[in-house]
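Trainee: Could you put the whole structure together from the sequences, leaning on the hints where they help?
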Amino acid sequence: MQTAEILANPFSLMMNPTEVFEALEKSNRLDRLQRRVCRPLDKPLIARKEADMNDYDRAIDAESESDEA
5 MQTAEILANP
15 FSLMMNPTEV
25 FEALEKSNRL
35 DRLQRRVCRP
45 LDKPLIARKE
55 ADMNDYDRAI
65 DAESESDEA
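Residue numbers are given in my numbering: position 60 of the sequence shown equals residue 64, and the series is strictly consecutive.
It should be emphasised that the hints constitute simulated quantities derived from the structure, not laboratory data. There could be a bad hint or two in this list.
Claimed, not checked - Quick list of in silico lysine to any residue cross-link-like pairs, SDA-like style, CA-CA up to 20 angstroms:
no., residue 1, residue 2
1, Lys30, Cys42
2, Lys30, Ser16
3, Lys30, Met18
4, Lys30, Pro44
To be verified - Now the in silico label distances, taken between C-beta atoms and shown as ranges:
no., residue 1, residue 2, range
5, Phe25, Ser68, 55 to 61 angstroms
6, Gln38, Ser16, 16 to 22 angstroms
7, Asp35, Glu67, 54 to 60 angstroms
8, Val41, Met19, 30 to 36 angstroms
9, Tyr60, Asn20, 54 to 60 angstroms
10, Asp61, Leu34, 46 to 52 angstroms
11, Asp65, Phe15, 56 to 62 angstroms
12, Asn32, Met57, 38 to 44 angstroms
13, Asp59, Glu26, 56 to 62 angstroms
14, Asp46, Val24, 29 to 35 angstroms
15, Asp65, Met18, 28 to 34 angstroms
The C-beta atom is built at its ideal place from N, Cα and C for all residues, glycine as well.
Mentor: If you want it as structure tokens, here you go:
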């Protein structure tokens, strides 16, 4: 009965983290979940060389100068 009361009240979950961890370890439903590793999407896919970036910057600067003239 005490476990049901704890699970029903989210504030009591914060007060008893050890009971929460024990319940997580005993959970059959969590054991059956499919697991996979997710990689962050904010990493660049292609590593660019600094020389390439400098060439690109120069090309953009040249375009803006020709547009102003």
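Trainee: Each hint: holds or not?
Mentor: Quick rundown of the hints versus the structure:
| no. | hint | result |
| --- | --- | --- |
| 1 | Lys30 - Cys42 | violated (25 angstroms) |
| 2 | Lys30 - Ser16 | holds (19 angstroms) |
| 3 | Lys30 - Met18 | holds (19 angstroms) |
| 4 | Lys30 - Pro44 | violated (30 angstroms) |
| 5 | Phe25 - Ser68: 55 to 61 angstroms | holds (59 angstroms) |
| 6 | Gln38 - Ser16: 16 to 22 angstroms | violated (30 angstroms) |
| 7 | Asp35 - Glu67: 54 to 60 angstroms | holds (59 angstroms) |
| 8 | Val41 - Met19: 30 to 36 angstroms | holds (33 angstroms) |
| 9 | Tyr60 - Asn20: 54 to 60 angstroms | holds (57 angstroms) |
| 10 | Asp61 - Leu34: 46 to 52 angstroms | holds (51 angstroms) |
| 11 | Asp65 - Phe15: 56 to 62 angstroms | holds (59 angstroms) |
| 12 | Asn32 - Met57: 38 to 44 angstroms | violated (53 angstroms) |
| 13 | Asp59 - Glu26: 56 to 62 angstroms | holds (59 angstroms) |
| 14 | Asp46 - Val24: 29 to 35 angstroms | holds (31 angstroms) |
| 15 | Asp65 - Met18: 28 to 34 angstroms | violated (56 angstroms) |
In this structure, the hints that do not hold are numbers 1, 4, 6, 12 and 15, in rising order.
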